[in-house]
Amino acid sequence: MAGKTLYDKLWDAHVVSERSDGTALIYIDRQLLHEVTSPQAFEGLRLAGRKPWRLDTNLATPDHNVPTVLDERSTGVSGILDEISRIQVQTLDSNCADFGVREFGMNDINQGIVHVVGPEQGATLPGMTIVCGDSHTSTHGAMGSLAFGIGTSEVEHVLATQCLIQRKMKNMRIRVEGDLPDGITAKDIVLNIIGRIGTAGGTGYAIEFAGSAIRSLSMEGRMTICNMAIEAGARAGMVAVDDTTLDYFHGRPFAPKGELWDKAVESWRDLVSDDDAVFDQDILINAADIQPQVTWGTSPEMVRGVGETVPNPAAIEDEASRKGVERALEYMGLKADQPIESIKLDRVFIGSCTNSRIEDLRAAAAVAKGRKVSTSLKQAMVVPGSGLVKRQAEAEGLDKIFIEAGFEWREPGCSMCLAMNADKLGQGEHCASTSNRNFEGRQGFGGRTHLVSPAMAAAAAIAGHFVDIRTWQEGNAA
Amino acid sequence: MNPFTRINGLVAPMDRANVDTDMIIPKQFLKSIKRSGFGPNLFDELRYLDEGQPGKDNSQRPLNPDFPLNQERYQGAEILLARRNFGCGSSREHAPWALEDYGFRVIIAPSFADIFYNNCFKNGILPIVQPEDVVDRLFKAQDAQVGYKLDVDLENQTVTTPDGETFSFEVNEFRKHCLLNGLDDIGLTLQEADAIRAYEEKRQQEAPWVFGQIH
Ligand code: SF4
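If you're matching them up, the sequences are chains A and B in order.
First residue of the first sequence? That's 1 in my numbering, and the numbers climb one at a time after it.
First residue of the second sequence? That's 1 in my numbering, and the numbers climb one at a time after it.
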């Protein structure tokens, strides 16, 4: 019999019961909650007179709607100017209080984007099943766990039963082998993968990211990759447990301590795919082939290397894809064959659950240090993923580097990733963004998003247009 | 979900075909963070003479006197008598939420839109399909008699008029079981509570650090 994949192991360890129709009742170890997708779930519990099945398993924090400007933030939840945002945050607060769910409130130092807060607190751990009413829950697979996004009715289902009815997915492995070239980051790897397999390439699969290039990444980098598994169509992405994983979690607030830690480590060591495991699809990528990536279109798969040009629809035979490219170019205000480096920017956003961790901010600050944001830009902002990331960055003096360079230094939250608060793009504006979705209107009505790594975003902010971080750094020593 | 076994309820008429979910609950009310409280805005555009908005005090709004639900004789109705293709249009679950919140437990019509029909069962509402001619007779009978009630018995799948005339209706066995026992998806999973607890015991042995950390 063939060995098991990491996903097989995680799945098997969580089956409560199997049903004749091919579905199974799966036990959920951890649920993260935020203000946008939880209100009706709590309301459902209330109407049915139900209580959460377990309290020691849910962790909530508001992130999507919170203002990131200090002035507005410092007046507390009642001071949130936008009414709908305010009501959603207040509702999360009162629901958590009513049901006894642990919450990091808006001005708690531990608050932040759920997918930054979970791992940082050790609230999400290897070997767990983890859900949240948010598609980027795939982020948490980076630590060798099974993590995926769910809808509001499922949020209620998990609150009430600690279980979900699920169908098992297929196994895909993507191996990235070889040393990562200088200037190439986790973000470039994952954008490159999405460019290759497409936004539906992973549909129906759980993807395991493997290979020496992936193993060489920090936990932050692995989270960036798994975060965007959903952008490749896969609800879950994951990376096997190794020493990097264990070192990351050691000493985190909710992580096990002492003997329990040793016992956990022993069991987590098994969270790797067996050598003889069989994958339904196996893809190999050579790390040396990856350039810094920039999306030019309105889907994350519309991506090219920074040294390349925007595609020319005339060269595309298939009519549907040609039309798609034409439409995207029109929306993005780009010309066929235009070099990526010639794209001028109006704003730069460094943040989101993809790239707002301390390592991301360090990478951006290293580029910004001693330089100035181009005067041609309207705004460049840095939004840390959590209060703890912000504090750490300030302890390292990164905030000063950003502020001196002309970046705005904000309070933690989702911010311009989805523009649910006041941080938005204007119509037609181009933005270099470290987030994960470049859909039409995602960052504001008519806004044009280009997804890049933190270092590429910082360099673009200084140059005013995209530049190749690999060569630009040398020519522009600070 | 409230179990549904048998009710003897006042009947109110909704005498038009193709009532869509936007008519049942207009889109401006979908911004709500709740799934209860939609009752006052059920059939908002038909019920009130002005435009409804979330947060507006409905008690101050001018009522449409011609709309049956505004008439004294239909106050407290639990059974809605409707025409064909009831609940068509968008899939919003807010439509059954609004009907249920208002107090309806049964809808009788010649036909229902699919998604709406399914959503009713999830929310404790029994949709009953009857032939056009039967529905027509019921419309006339309720019109002729103030306080007209029907007796709906889910267990025996019958509707009985005040004269003692009885009609039977169809309902899927599984849905009937869920409705009789007040089981939604969550209720069904909770029937496996013992299996979930057994699993938890095993998991607590194998991975104790998954428990008790967050409080
Ligand atoms: S940062 Fe963006 S992608 Fe991540 S949870 Fe917030 S809104 Fe969603």
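Since the hints were made in silico from the structure, they are not lab data.
Worth double-checking, as some hints may not be accurate.
[To be verified] Distance condition first, Cα-Cα at most 27 Å in a straight line; then the derived DSSO-like pairs of lysine-lysine:
#	chain 1	residue 1	chain 2	residue 2
1	A	LYS51	B	LYS34
2	B	LYS27	A	LYS424
3	B	LYS27	A	LYS51
4	A	LYS257	B	LYS176
5	B	LYS176	A	LYS51
6	B	LYS31	A	LYS4
7	B	LYS122	A	LYS168
8	A	LYS9	B	LYS202
9	B	LYS202	A	LYS168
10	A	LYS344	A	LYS424
11	B	LYS31	A	LYS51
12	A	LYS424	B	LYS202
13	A	LYS51	B	LYS122
14	B	LYS56	A	LYS263
15	B	LYS202	B	LYS176
[Said to hold, decoys possible] One-sided and incomplete, this derived list gives chain A residues near chain B with beta-carbon spacing under 7 Å:
#	residue
16	MET1
17	ALA160
18	PRO256
19	GLU259
Everything numeric in this text was worked out from a predicted model, so none of it was measured.
C-beta: ideal position from N, C-alpha, C; glycine also.
In ascending order, which of the hints set out earlier in this document are inconsistent with the structure?
Violated hints (numbers, rising): 3, 4, 6, 12, 14, 15, 16 and 19; every other hint is consistent with the structure.
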